[in-house]
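Chains A, B and C, in that order, give the protein sequences. Residues 1 to 285, numbered by my numbering, are exactly what the first sequence covers, in order. Residues 1 to 351, numbered by my numbering, are exactly what the second sequence covers, in order. Residues 1 to 294, numbered by my numbering, are exactly what the third sequence covers, in order.
Keep in mind that the hints were calculated from the coordinates and are not lab data. Idealized CB from N, CA, C, for every residue including glycine. Treat the hints with care, since some could be wrong.
The list that follows gives simulated cross-link-like pairs (lysine to aspartate or glutamate, EDC-like), each with its CA atoms no further than 20 Å apart [claimed, not checked]:
(1) K263(B) to D306(B)
(2) K288(C) to E175(C)
(3) K6(B) to D170(A)
(4) K183(B) to E94(B)
(5) K263(B) to D267(C)
(6) K175(A) to E157(A)
(7) K6(B) to E157(A)
(8) K263(B) to E264(C)
(9) K183(B) to E96(B)
(10) K6(B) to E152(A)
(11) K85(C) to E175(C)
(12) K6(B) to E169(A)
(13) K265(B) to D267(C)
(14) K92(A) to D24(A)
(15) K260(A) to E22(A)
(16) K175(A) to D218(B)
(17) K223(A) to E213(A)
(18) K6(B) to E173(A)
(19) K163(C) to E175(C)
(20) K260(A) to D48(A)
(21) K288(C) to E39(A)
(22) K260(A) to E47(A)
(23) K265(B) to E264(C)
Restraint-style ranges between C-beta atoms, simulated for each label pair [said to hold, decoys possible]:
(24) K44(A) to V70(C): 51 to 57 Å
(25) T263(C) to N283(B): 41 to 47 Å
(26) G180(B) to N117(C): 28 to 34 Å
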Amino acid sequence: MSPKRMVDTKMVPVPSHSIVPERDLNKTPVLETRHLGIEFGGLKAVEDFNLTIGKTEIAGLIGPNGAGKTTVFNLLTKVYQPTTGTVLVNGKDTAGMNTMQANRLGIARTFQNIRLFGNMTVEDNVRIGLHNQVRYGMLTGIFRLPGYWKQERAQHEQALRLLSIFGMEDMAEVKAGSLPYGAQRRLEIVRALATHPSLLLLDEPAAGMNPHETEELMRNIIKIRDEFQIAVMLIEHDMNLVMGICEGICVLNYGRIIAKGTAEEIQQNPVVIEAYLGKQKEDAP
Amino acid sequence: MRKASKTAVSNLITYGIVVVAYIVCQVLIENGQMTRALKGQLVPICVYVVMAVSLNLTVGISGELSLGHAGFMSVGAFAGTIASAWLLAAFQLENEVIRLILAMVVGGAAAGVAGVLIGIPVLRLRGDYLAIVTLAFGEIIRNVLNCLYISLDGARLHLGFLNPNLPGELMVNGPIGVTGIDKISTFAMGFALILFTLFVVLNLVNSRAGRAIMATRDNRIAAESVGIQVTKYKMMAFVVSAALAGMAGALYGLNFSTVTASKFKFDTSILVLVFVVLGGIGNIRGSVIAATVLTILPEVLRAFSDYRMLVYAIVLILVMLLTNSPILSNLVNRFYPRLHRRAREKGGEAA
Amino acid sequence: MISLLSYLCNGISLGSVYAIIALGYTMVYGIAKMLNFAHGDVIMIGAYVTFCAIQYLGLPPMVSVLLAMVACTLLGVIIERLAYKPLRQASSLAVLITAIGMSYLLQNVALLLWGSNPKSFPSVVNLGSLSFFDGQLLISGETIVTVVMNIIIMVGLTLFTGKTKMGKAMRVVAEDKGAAELMGINVNLTISITFAIGSALAAVAGVLLCSAYPTLMPTTGSMPGIKAFTAAVFGGIGSIPGAMLGGILLGVIEILGKAYISTELGDAIVFAVLIVVLLVRPTGLLGKPVREKV
Chain A
1 MSPKRMVDTK
11 MVPVPSHSIV
21 PERDLNKTPV
31 LETRHLGIEF
41 GGLKAVEDFN
51 LTIGKTEIAG
61 LIGPNGAGKT
71 TVFNLLTKVY
81 QPTTGTVLVN
91 GKDTAGMNTM
101 QANRLGIART
111 FQNIRLFGNM
121 TVEDNVRIGL
131 HNQVRYGMLT
141 GIFRLPGYWK
151 QERAQHEQAL
161 RLLSIFGMED
171 MAEVKAGSLP
181 YGAQRRLEIV
191 RALATHPSLL
201 LLDEPAAGMN
211 PHETEELMRN
221 IIKIRDEFQI
231 AVMLIEHDMN
241 LVMGICEGIC
251 VLNYGRIIAK
261 GTAEEIQQNP
271 VVIEAYLGKQ
281 KEDAP
Chain B
1 MRKASKTAVS
11 NLITYGIVVV
21 AYIVCQVLIE
31 NGQMTRALKG
41 QLVPICVYVV
51 MAVSLNLTVG
61 ISGELSLGHA
71 GFMSVGAFAG
81 TIASAWLLAA
91 FQLENEVIRL
101 ILAMVVGGAA
111 AGVAGVLIGI
121 PVLRLRGDYL
131 AIVTLAFGEI
141 IRNVLNCLYI
151 SLDGARLHLG
161 FLNPNLPGEL
171 MVNGPIGVTG
181 IDKISTFAMG
191 FALILFTLFV
201 VLNLVNSRAG
211 RAIMATRDNR
221 IAAESVGIQV
231 TKYKMMAFVV
241 SAALAGMAGA
251 LYGLNFSTVT
261 ASKFKFDTSI
271 LVLVFVVLGG
281 IGNIRGSVIA
291 ATVLTILPEV
301 LRAFSDYRML
311 VYAIVLILVM
321 LLTNSPILSN
331 LVNRFYPRLH
341 RRAREKGGEA
351 A
Chain C
1 MISLLSYLCN
11 GISLGSVYAI
21 IALGYTMVYG
31 IAKMLNFAHG
41 DVIMIGAYVT
51 FCAIQYLGLP
61 PMVSVLLAMV
71 ACTLLGVIIE
81 RLAYKPLRQA
91 SSLAVLITAI
101 GMSYLLQNVA
111 LLLWGSNPKS
121 FPSVVNLGSL
131 SFFDGQLLIS
141 GETIVTVVMN
151 IIIMVGLTLF
161 TGKTKMGKAM
171 RVVAEDKGAA
181 ELMGINVNLT
191 ISITFAIGSA
201 LAAVAGVLLC
211 SAYPTLMPTT
221 GSMPGIKAFT
231 AAVFGGIGSI
241 PGAMLGGILL
251 GVIEILGKAY
261 ISTELGDAIV
271 FAVLIVVLLV
281 RPTGLLGKPV
291 REKV
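Next comes chain A alone, as it looks inside the complex (with noise of 0.2 Å):
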């Protein structure tokens, strides 16, 4: 990605499309997209994807499989490096970042297929959350100096408080590979919620939950925005919990956004009722 792109790119204007709820209007987008884009050997699985999302507004992002919504949060969060575009997170450019500065600039993500540390236990997994946090080196750690045992109990204490958005204080000694999916899922969220994200990127946090477990999710993900007033973008399937929470929705197919708006009109639109159940009148006899 040559420097010369990344000033024409910018100099395009891009159409406001923003679903930003109305409080977060006049403050900083915590992410900006401009014509994001990424090839794979000559397929473009993510094309011209400009997204803005408000300071503490919570956002879908659905589409078909295969849609390339995973995609959009490896470049999000610097696991693939776009081929076009920019991003920006509270107002600056991520352009040359990797994943672990991303999430230092504030975005902290779950993953489809849940990646937790498994042989560590849940506190463990929460406690690597809060590393940036928590500042003592490697020779304050060796040598047991004073600043180790404030610290470490602080940390202790913040995992605790952190456990239990979910509920989960209980299963602090527990080891995270052992605990059921659903728990997993929620660990995976607190443990991305420990580094003190301003947007929380959640993939598919309701797969392989029962309708009691995702309703309590919902409630979960409202309360995690209100209290901690951060920004929650996921990827779902769940049409429930997508158009329960989400106060703003894009719909992408074949790698672009086919629609954006709020959920009656994301369920009104034609062209995302043709992408999910096809063209219905013309094919008919």
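Dock chains B and C against chain A, hints included.
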């Protein structure tokens, strides 16, 4: 906090085993019940324990297979023996304990520097490639040490590469290695080095840095996604491991009157790896026990010395097969067939 | 000038041996995704079998070599079945440690069977040397046979993987084991055949290596094995022409390095090449890049 005390107890047991073993050895020596051959093995045992524990930091805690650990040991041995001779010549440092400690510090520092230099390229690689490159570096170190000439001229050190014509008395003589070493290593210092190594490794594991190292091992992408600087922590584990191996190398070098680079061949790296694997990858206490037992055993069973490496090889394969293949779980299922069937039925329903 | 030519010939000869060994590594790595550390020791076993057949049984050289190829093929398949197959799903760390264990096992079995004293290997090649420039440049019969064998094997393998059903199955298994299984390909058989071919080539390489460098010890195979792996990586792991290119280049680099830089540093130079290649172009000269899925 319960977990914290649990690891604390486990660590205390590890320290306890080492302290008790030391006391038992001292009592046996006092009573004259220890054979000379075994007495001669005491310092090497300490060296191999430290080597195994430090390699376990790389292989078990950081999850990278290093096949060049003996290379760091050799750097430490050369640096330590030279430092000891130079300290004696330049500062008339007669006190052997202080000289040994300083030599170990120098050996550790030199190996640590080598660890940084090697770690920068090596840690960009993964898996088998990383392993083979550590092997390559181990061999390169040995080759380079074979070409090294250092002489002591009064208090001044002269260094030559492929060039033995140096002023003063040659200390490091190319393929002949370091000669005329003042043997100052003691069992007590070996014991102290083991305690220090355990202290460093166990405390590192239970700290912010240690958790970051293990997170990187378990899932690199997830670790990056929570803002961990993966290369930094891989490097930290690698360098600490190298430095500890260097200290062990200095202790080893100062236990003999001559040291050659060929003593630190690939075989030595593999031997230490065998200790780590048999003690349990990632299990520090296991490394201590395995290194001790497997260093003593061939001394005790001299009749079997021809079969030693053969047995090691077979045991290495068997341990890997039993711990990593479905065979073991099948064995378990044979003993508890009902449990297995029930679990299966449950799984079937869920799916 | 003539000495340079002579070094080049030696380099190409040594490199051809590396190339034949590297083929075993590259095929196994391509298909089973494992570094078969014991491959170098299969070479040594092949050389010992040939040695015994000639020395003790009095068999003619060609028959001895064929016997060694059969023995190594069996050995390779047995090793794969016993030690590697149970670990198909295990971590690469576990597989590599097992392979190292296997390498040591073979070395120590050889040590018990044949002792640690080096055996002087009789050359199986009874071809005179070619002489050029009034005898200033001599190309030995071993060199010629090695290079010719290398070319024959390379062409044969390329045809085999490109044209035959089994060869195509190998390429499919290398690409995607699961999909190959679904297409009705016997993955286990394919992997076994890969090991069989690699090991048979190892026997040939062992004979050629020991014909050129006639000291045979239980550790004879380990260093050439590691260097041949370097050659495989250099050429691009999984690529048959890559193994040939990498092997020959590495052989030339080693001989020239030993001649013009330092004999002591010969191995260090070879390994430095490995490190530089892995850092600059980890997929080797002719390899393809791979991407990790998130």
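Comparing the hints with the structure gives:
1. For the hint linking K263(B) to D306(B), the alpha-carbon distance of about 19 Å falls within 20 Å, and the restraint holds.
2. Distance hint between K288(C) and E175(C) is fulfilled; the C-alpha atoms sit about 12 Å from each other, no more than 20 Å.
3. Only pairs whose Cα atoms come within 20 Å are accepted, and K6(B) paired with D170(A) is accepted, the gap being roughly 17 Å.
4. For the hint linking K183(B) to E94(B), the alpha-carbon distance of about 13 Å falls within 20 Å, and the restraint holds.
5. Restraint check for K263(B) and D267(C): satisfied, since their Cα atoms lie roughly 17 Å apart, inside the 20 Å limit.
6. Straight-line distance between C-alpha atoms of K175(A) and E157(A) comes to about 19 Å, which keeps the hinted pair within the 20 Å bound.
7. Restraint check for K6(B) and E157(A): the C-alpha separation of about 18 Å stays at or below 20 Å, so the hint holds.
8. Of the supplied pair hints, the one linking K263(B) and E264(C) holds, its CA atoms being roughly 16 Å apart against a limit of 20 Å.
9. Restraint check: the Cα-Cα separation between K183(B) and E96(B) comes to about 9 Å, which is no more than 20 Å; the hinted pair holds.
10. Simply put, K6(B) and E152(A) have alpha-carbon atoms about 16 Å apart, close enough for the 20 Å limit, and the pair holds.
11. Note on K85(C) and E175(C): the hinted pairing holds, with a Cα-Cα distance of about 18 Å set against a maximum of 20 Å.
12. Restraint check for K6(B) and E169(A): the C-alpha separation of about 18 Å stays at or below 20 Å, so the hint holds.
13. With a C-alpha separation of about 13 Å, the suggested pair K265(B) and D267(C) falls inside the 20 Å cut-off, and the hint holds.
14. With a C-alpha separation of about 18 Å, the suggested pair K92(A) and D24(A) falls inside the 20 Å cut-off, and the hint holds.
15. Taken as a hint, the K260(A) and E22(A) pair is honoured in the structure, with Cα atoms around 16 Å apart against an allowance of 20 Å.
16. For a cut-off of 20 Å, the pair hint linking K175(A) to D218(B) stands: about 13 Å separates their Cα positions.
17. At roughly 15 Å between alpha-carbon atoms, K223(A) and E213(A) fall within 20 Å of each other, so this suggested pair holds.
18. Annotation: proposed proximity of K6(B) to E173(A) holds, straight-line Cα distance about 11 Å (limit 20 Å).
19. At roughly 17 Å between alpha-carbon atoms, K163(C) and E175(C) fall within 20 Å of each other, so this suggested pair holds.
20. With a C-alpha separation of about 14 Å, the suggested pair K260(A) and D48(A) falls inside the 20 Å cut-off, and the hint holds.
21. Between the alpha carbons of K288(C) and E39(A) the distance comes to roughly 18 Å, so the proposed pair stays at or under 20 Å and holds.
22. Between K260(A) and E47(A) the alpha-carbon distance is near 15 Å, which keeps this suggested pair within the 20 Å criterion.
23. Of the pairs offered as hints, the one joining K265(B) and E264(C) holds, with about 15 Å between alpha carbons and a cut-off of 20 Å not exceeded.
24. For K44(A) and V70(C), the hinted distance range of 51 to 57 Å is satisfied, since their beta carbons lie about 54 Å from each other.
25. Range check, T263(C) to N283(B): about 43 Å between beta-carbon atoms, so the 41 to 47 Å window is met.
26. A C-beta distance of roughly 32 Å is found between G180(B) and N117(C), which places it inside the suggested range of 28 to 34 Å.
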